[in-house]
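Protein sequence lines, in the order shown, are assigned to chains F and X.
For the first sequence, numbering that gives the first Met the number 0 begins at 0 and goes up steadily by one.
For the second sequence, numbering that gives the first Met the number 0 begins at 0 and goes up steadily by one.
Any given hint might turn out to be false.
Same chains, same names: a pair is fine if it fits in one copy or spans any two.
[Claimed, not checked] Taking lysine-lysine pairs in the DSSO-like style, the calculated list, with each CA pair at most 27 angstroms apart, reads:
#	residue 1	residue 2
1	Lys7	Lys193
2	Lys118	Lys234
3	Lys234	Lys193
4	Lys139	Lys118
5	Lys29	Lys139
6	Lys139	Lys7
Worth flagging that the hints you see were computed from the coordinates, not collected in a lab.
Number of protein chains: 2
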Amino acid sequence: MSALPGVKALVFDVFGTVVDWRTGIARDAKTVLAKHGRGDVDPHAFADAWRRRYQPAMEEVRSGRRPFTRLDVLHRENLDALLADHSITADEADRQWLNRAWHRLDPWPDTIPGLIRLKSRRFIAPLSNGNILLLANMAKRAGIPWDAILGAEPARAYKPQPEAYLRTAEILGLAPSEVALVAAHNGDLAAARKAGLATAFVLRPTEHGPEQSTDTRAEQEWDTIAGSFEELADKLGC
Amino acid sequence: MSALPGVKALVFDVFGTVVDWRTGIARDAKTVLAKHGRGDVDPHAFADAWRRRYQPAMEEVRSGRRPFTRLDVLHRENLDALLADHSITADEADRQWLNRAWHRLDPWPDTIPGLIRLKSRRFIAPLSNGNILLLANMAKRAGIPWDAILGAEPARAYKPQPEAYLRTAEILGLAPSEVALVAAHNGDLAAARKAGLATAFVLRPTEHGPEQSTDTRAEQEWDTIAGSFEELADKLGC
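Make a model of the complete structure from these sequences and hints.
Here is the structure:
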């Protein structure tokens, strides 16, 4: 029997699971750092530092201290702070361009071949904390064949809050158990399971670079586990 | 010079402009009417009657008398009332199937060839009162190549309220003048223009059947006017 019986829609974590954010951000950061005479700053460290500000920024929204604010805005605030930390005085156009690096991330090599197969038998959509425009621009540039762009913005809640998962199932007209989250992150899957979704772990051992120490294995008995989107398609009989 | 200079995204009315709702609803209504021994009811008249309940149902939401409710729910309430009018006692499965007829509408013949060309040079998305699932299922079935699924549900406002147009531009990260509404309905275009969007009229002379008497011509000087999506692509240099 194929994996995930009864699951009609697959929703995907994006940063790390669908695309390689660290390589993409480092690539574009390198351009801006060089332009401003800061070739001494390691672009991968810059990418990591930008990403470290991600959870605290969303936590302001999750806690209710701040109304729902889309990720492009949070990314920009975090970029401005990071540039200030490095005493880099990039102009507005450079900041806008670098902030859109999150729209220009490349998929892992197995992402698109796997999604094309999965789409033939299931409804597929992102369930990302990225905003609609970010995810749609990424898909348009990279040819990611989503059926719809879902996630924090239409749900108006950031993962791992239960509303992010439950409202996504509601938008899809499905019971939570008819939706599976596909993610490379055990924490995201744990929150999805708590909300009643099915779970699929896909290992991404170099999301954080060659010495990654987190999410190097499935930490619970997820409903299915795969090493790539193509293996996931195999397991689902797609 | 090509039409709509400065416009980066095209957003589309869907029912009537992208798809032929009347033919599609009549097709599936015919099946249910026959099954329940009501071959005497004209399926096109049934489609028209269902559609006549559309604006009053949304008006409950627009007026604030009712919280935002997605179109699948409004369609279902209207269907139940219409079946009661005809004393048809269809079971739950038949009602669910017929309500999803709105997810199974076919595009006009020029829709997909035109959209493929337009997508190559612009961001394209629906700006419909249909909910996300309805529009996404329609796109998946018919191969409509949207870049994202926008409209009343992510904007949480029904056209022609200004918020439906303005929040869509905001989601796209664009000024209203950088977004054009493409529609076969003068009223929709008038509301979009009032909100600051650019406007493109596409004539759909048989949306309401062979004796259509409304929207048979452009009633204002819209920014561009075309007889099909392919002609629109020509005018935009796509």
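Do the hints match the structure? See the list:
| no. | hint | verdict |
| --- | --- | --- |
| 1 | Lys7 - Lys193 | within (19 angstroms within a copy, 41 angstroms between copies) |
| 2 | Lys118 - Lys234 | within (14 angstroms within a copy, 34 angstroms between copies) |
| 3 | Lys234 - Lys193 | within (23 angstroms within a copy, 52 angstroms between copies) |
| 4 | Lys139 - Lys118 | both (16 angstroms within a copy, 9 angstroms between copies) |
| 5 | Lys29 - Lys139 | within (24 angstroms within a copy, 39 angstroms between copies) |
| 6 | Lys139 - Lys7 | both (24 angstroms within a copy, 14 angstroms between copies) |
Taken one by one, the earlier hints all hold for this structure without exception.
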